[in-house]
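Participant: If you want the building blocks of each chain, they are given just below.
Protein chains: 2
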Amino acid sequence: MVFTDEVQASQQDSRFDLLAYLAERQTLVEAALDRSLPVIYPQKIYEAMRYSLLAGGKRLRPILCLATSELAGGTLEMAMPTACALEMIHTMSLIHDDLPAMDNDDYRRGKLTNHKVFGEDIAILAGDGLLAYAFEHVAVESKQVPADRLLRIVAILGRAVGAAGLVGGQVVDLESEGKTDVSLETLNFIHNHKTAALLEASVISGAILAGAAECDVQRLSRYAKNIGLAFQIVDDILDITATQEELGKTAGKDLQAQKATYPSIWGLEESRHQAQSLIKDAKAELAEFGAPARPLMAIADFITARSH
Amino acid sequence: MVFTDEVQASQQDSRFDLLAYLAERQTLVEAALDRSLPVIYPQKIYEAMRYSLLAGGKRLRPILCLATSELAGGTLEMAMPTACALEMIHTMSLIHDDLPAMDNDDYRRGKLTNHKVFGEDIAILAGDGLLAYAFEHVAVESKQVPADRLLRIVAILGRAVGAAGLVGGQVVDLESEGKTDVSLETLNFIHNHKTAALLEASVISGAILAGAAECDVQRLSRYAKNIGLAFQIVDDILDITATQEELGKTAGKDLQAQKATYPSIWGLEESRHQAQSLIKDAKAELAEFGAPARPLMAIADFITARSH
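Chains as they are written, first to last, in our numbering: chain R, 1 to 308; chain F, 1 to 308.
Worth double-checking, as some hints may not be accurate.
Identical copies go unnamed one by one, so any copy, or any two together, can satisfy a pair.
For lysine to aspartate or glutamate, the following DMTMM-like pairs were computed, each having C-alpha atoms within a straight-line distance of at most 20 Å [unchecked claim]:
| hint | residue 1 | residue 2 |
| --- | --- | --- |
| 1 | K111 | E30 |
| 2 | K44 | E175 |
| 3 | K44 | D103 |
| 4 | K44 | E177 |
Derived from the structure by calculation, the hints contain no laboratory data.
Take these sequences, add in the hints, and give me the full structure.
Facilitator: Set out below in structure tokens:
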């Protein structure tokens, strides 16, 4: 019986169509994001917020949140406001990172960056507006979730984006720019905070909304930290190997900026190996969940396989 | 008996020492703010956040929050994390407003602005960090308050600072700069959003934390909207009549920037009259609360009487 179950799970694994799954979820998320932010007076700020929020992207964070809500026995509906909030926070961090005073990027996802279209002042405010709205959206729009769980989500989102998360990672990243002697420890700090923290928040928030047991939340947290770091290593690799067209942003920028990256410390081959090893560890955390964890398994594989 | 009570209340009114009350509350708030944000790695961002958060100021928003918590039968302890969050949000809005891409101010509260000391990139991130931390702080540090009330606080704070509040007001303010034909309606929109929204959030949040009845929350909301607008009118008046030393920031800046202000629409005398009328309406809302509303009564009077 156990054997049959395993064979079935394995057969289902091989049949699991990740791209169709991602496309379906992406459509749901796009529609929810579109509905979340109607344009009212003063129109300019809502248009600026929507310009970046609806500029495409993989919607990986919302999709992870929805996936773990379902994994833990919850619904898409109860997780959707948090899923949207995660994308609002992610978008805010991109808008502010792209500013002239920060990374000074003109393009993002193949489109002009927010400040190139709306001006620096509006771009700063659009980021602030998205960050504030993320918390309001979770608090006001979440249905059928007990208030104490939502409060925990607010704490997790706040921590993931603040000085203990994204902001802290960005500060160390800015400090490290142009330095040729950045240690692996510092590089790990940057990416654990700039990338992995919000991915972890995405993964555990869905499970928490659905009332998952604490040991399962911890398991998912370890899964997320592993794929988060793998994601960044692959990003660094792609910055060297992919073309600008594939990336939708300036390629080779890290090299030009003399930025410390995993390939600059480990070389390309070792970087690929480390990413694969992290993905293997991530997937091992999912074993207990069985077949319902197939989307998370496939997403882990997808991270190392992606070309942009 | 009623008569005696009224006489007593009136005697207490005349004896109420607002400056001692404000000084005592300010000390409590300063200590709580100081404790709320220890410096850890990466030190620079925490130092930047603390530089502006602990740069003085009247602490009016936290004090209002603490006052209405007590008015509604709550404690200082249950309101303190929200009181600190209000000051974090206020500070964030000042840091971002002062940026070169916005109002381009070099001084604030008599000290160099955040970006003049830490650079633009860190100033943007310090604002983001304070905003995110405000929500985390309410969610994690609030004690003895039911989760559903805290969730309502999160929604109120998010709305007060986002595009429906502060950010929206700042956008219209930026759009109106240099225009000589700004309507009273637009000026009211700017200040109802830039100033009154967060003051209202401060006033109602304390009462909500303490479990006030909805009619009392509404009464306090009207009180707050009135003092919020009066506060701004007085700010505009002081920009013309006060010295730089009294203000701790560049005086006469509105005139130089050809900014629409209440005095520029109404003249000084009518502006003073309107502010007094708003304060009278604000105080009328407090009548039902009796003697326990004395601090709020005195704060309303203080707003028109202040010289900086």
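Participant: Compare the structure with each hint and give your call.
Facilitator: Evaluated hints:
Within a single copy, K111 and E30 get their C-alpha atoms as close as 17 Å, which meets the 20 Å cut-off; across copies the closest is 45 Å, which misses it. For the homomeric pair K44 and E175, the shortest alpha-carbon distance between copies (10 Å) is at most 20 Å, but the shortest distance inside one copy (33 Å) is not. In this assembly of identical chains, the alpha carbons of K44 and D103 lie at most 20 Å apart only when taken from different copies (18 Å versus 24 Å within one copy). In this assembly of identical chains, K44 and E177 lie within 20 Å of each other by CA distance solely across copies; the values are 15 Å between and 34 Å within a copy.
Checked against the numbered hints above, the structure violates none of them.
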